[in-house]
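Based on the sequences and whatever the hints tell you, model everything.
The listed protein sequences correspond, in order, to chains A and B.
Residue 247 in my numbering sits at position 221 of the first sequence, with consecutive numbering throughout.
Residue 238 in my numbering sits at position 212 of the second sequence, with consecutive numbering throughout.
Please note: incorrect hints may appear among the correct ones.
Identical chains blur together in the list; that is why a pair holds if it fits in one copy or across any two.
[Stated by the list, open to error] In silico SDA-like cross-links for lysine to any residue, where the CA-CA straight-line distance does not exceed 25 Å:
#, residue 1, residue 2
1, Lys132, Ala322
2, Lys329, Glu396
3, Lys68, Thr476
4, Lys358, Asn154
Just so you know, these hints were derived from the structure itself, not from any lab.
Number of protein chains: 2
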Amino acid sequence: MTFRAMKPMDGTPFGDEIAEHSQNDVTQMIQKAASVANELAKLSPADHAKLLRTIGVHIESAREQLVATACAETALAEGRIGGEITRTTVQFNRFAELVETGEHLKVAIDKANPDYSPAPRPDIRKLNQPLGVVAIFAASNFPLAFSVAGGDAASAIAAGNAVVAKAHPSHPNTCAIIERCVKGALKECGISENAFSIVQGVSPQITHWLALDPLIQAIGFTGSEIVGRILVDLAASREVPIPVFAEMGSLNPLFITNSAIAERSEALAKGLVDSALMGSGQFCTKPGLVFVPDDAQFMSTIKTYLATLAVAPLLSKSIADRFSSAIAELAKISGVEVLSGTASSQGFGVTPTFFITDWKTAQANPHLLEEHFGPTTVIIKSAQDNFGAIAQSLGGQLTSTIQGTDSDSVAELIAILSQKSGRVIWNGFPTGVAVTAAMTHGGPWPSSSTHTTSVGVDAIYRFMRPVSYQGLPQSALPVALQDANPWKVPQQIN
Amino acid sequence: MTFRAMKPMDGTPFGDEIAEHSQNDVTQMIQKAASVANELAKLSPADHAKLLRTIGVHIESAREQLVATACAETALAEGRIGGEITRTTVQFNRFAELVETGEHLKVAIDKANPDYSPAPRPDIRKLNQPLGVVAIFAASNFPLAFSVAGGDAASAIAAGNAVVAKAHPSHPNTCAIIERCVKGALKECGISENAFSIVQGVSPQITHWLALDPLIQAIGFTGSEIVGRILVDLAASREVPIPVFAEMGSLNPLFITNSAIAERSEALAKGLVDSALMGSGQFCTKPGLVFVPDDAQFMSTIKTYLATLAVAPLLSKSIADRFSSAIAELAKISGVEVLSGTASSQGFGVTPTFFITDWKTAQANPHLLEEHFGPTTVIIKSAQDNFGAIAQSLGGQLTSTIQGTDSDSVAELIAILSQKSGRVIWNGFPTGVAVTAAMTHGGPWPSSSTHTTSVGVDAIYRFMRPVSYQGLPQSALPVALQDANPWKVPQQIN
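Okay, structure coming up:
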């Protein structure tokens, strides 16, 4: 079976026919990856860092081709794709900086101590080791930064794992270029190219083949709650269950206080519209739910500003179709005001659409409180006094935001939101996720399936596990645990 | 409904009738815990450390009563119970030392930087926060160190969570004393006693009530693979799945090389018997599977030494019954030699029983390759050349051990075992788990359900999650994230 990419801009096919991988292909890929996983696991910090940087160099050198291909396959703007390429290489470089130090190995050495309490202890030494082969599922909405060699794959490779990555069928040619880049870097560094492969295809069965293969040790996923749940269930159903690090849905609620509205109603309205329409509303951190005191100027600014704006076509026909039918359903709810932007009839184009309603209507119509991927937001008129109770009723979120002023007492609201979210934002908008040590991209279910982050260097620890060695002679210890410490990794001793 | 503890020594009841908690009781306990969880979460490092140490002091002050009660309920020796009490307080004290430093909060502060690559970044600050209410399931085999205030509960409380712990029905009176100790310490420290409660009962439904309550945020469990799997499945079936940190079964394979046998056959035989019978064979790190070259002296030493030994009665009637029927089944397998220790007819007494067979018979009879809780071990005669292939075929293990000499080339075997195990041991026996930074007590499924350790200070991170704060004014930030840093916690800045 073959399939072709589609251009969202005009709905026509793009690139050559692509052969879908068979179950046997997938099994072979995984077996080959497993048979060479130890080549990655054995790399010295310096060689490992060199590999990560070399991947970045190969991706950078394909920039022109990547921009042309990804823009055609996603309808995302050139500037956005260029930024994503940079972000992708930066991710590899940040991991290279970490891996080079050996800090991620978290070496701890407790030497033998006959006087230790509560009992004498033997020589015990611990370090983090990679898992083996990790399956990565590419996201649709970041064709580079969260795709086959995006944050999840970079984390897994930086942790020393081999990777088999499922290409997203909405940007398969972009994924194929990236595969060549990574394999090229592996080859240049003297490591088998089988350590990284991508699976192409549209069949939902591919997910099962990957998730259920006994050689797969962990799964990284960025996508919808529905697919994330399928993966979590598949992984739990295995004879040997494996962890699934899924980053899924989030409403990213935004609370606007009375004093903020009084101070900067117009700026807030425009800021909200811009944030919600960024990337055609296809960001996992899109503000999808806004709680705001009823303010005529705020609502009117939204209405007039939105009316002037169109967005680029959505990433795929199925995303555009789901968006349009969700919007049509929400518009039918009585007690909901519908605000429209400028329609686009190009390819997979849609009409940006906001909704204004009240909390009572939203509670009675749960669809209003679900994530709708694309350029839409539900604005709920509500008194500031209710923010605490509303926040308490929400599920897990990647982000929660408060727009207020110094005069607001929001300590309790912040405390509630911090229990519901991975990131709490004050006087900002949630779109934009800095690649930095202090970033958490993840949060309580359903925003993610584990208490980890998928952005920032801490993401590496998802794909490692601690192993202790007791009483081994120096020569039999992993290099990082030896007293001579030839790699000069940080060793926490006794 | 009520139930009573039993004395394994003579099979008679011990202590008063104990009322089983109802579903409503359990729900109430969890709700009360949730309503006071923030009291723990808000403690300063100094106050938090004080609470942990005070729990230790209260447990220590109940030592006499605990020894008498636990010895009666478990038939474990006074010295062992005394050691466990010490270990339990040491665990709290070690966590107190960590919590006092604030290091576990893993504070990272990235100040705003307009020149940051790949994009300007706002002020972002991250710390680890507790989850809320954690459910802990006490182990049968460590009535203190892994029971209601054992390693899992200590980890969860040290992380700042409220705890509802299921008492093990084989030592309910011991658990009740511990509950009074912890509640007493909470009260002394000015924290609501509802932050820690225990659930008493024998009904399997209690597991469901705890695991499915929407206010429970994570589960800690030490016990069998069967119950661990039930918990993992229940947690995954929830509308909001939660993590289960289960420490389950392990065979703890032991490989003995030709040169080791040639050098110290008798010491190895006696060491193996002693390790396998320690605590009546009821250790999760009991060596349950031994691969050894066929050596007449080794086998004969095992046989004569074992014949002289009896063990204390097992922890409960159900454990003793399961053991005896498993032993009877294994003894029926053709090609298996049965070695017996001294029978005990006291209470829940059993006969220590070892088996000697070959790899072919073991492969044809999978029961020989399963964990059998109690004083038994399966010795498999096998050539050293086969150790690598055998190791490759085994499932996940808490520990794997090699007994060899300097002349052995075991690098490859160590590498294989490190992929299968949480701890690799050279020239030792696996029983005995030091409470130390470099310890890993956990390993690939089924030995544990996640890539974490349940012993040592790193166990705390199972019950925390990272939360980032973006752009917040100093006064609205959690104390540990403020520039003034009044708690003087380690802050990794930029």
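Results of checking the hints against the structure:
In the homo-oligomer, the alpha carbons of Lys132 and Ala322 never lie at most 25 Å apart, since the shortest distance is 56 Å inside one protomer and 44 Å across protomers. Taking the shortest Cα distances, Lys329 and Glu396 sit within 25 Å of each other inside one copy (22 Å), while across copies they are farther apart (67 Å). Proximity of Lys68 and Thr476 under a CA criterion of 25 Å is satisfied inter-copy only: 23 Å between copies versus 28 Å inside one chain copy. Taking the shortest alpha-carbon separations for Lys358 and Asn154, neither the intra-copy value of 54 Å nor the inter-copy value of 43 Å comes in at or below 25 Å.
Checked against the numbered hints listed earlier, the structure breaks hints 1, 4; every other hint is satisfied.
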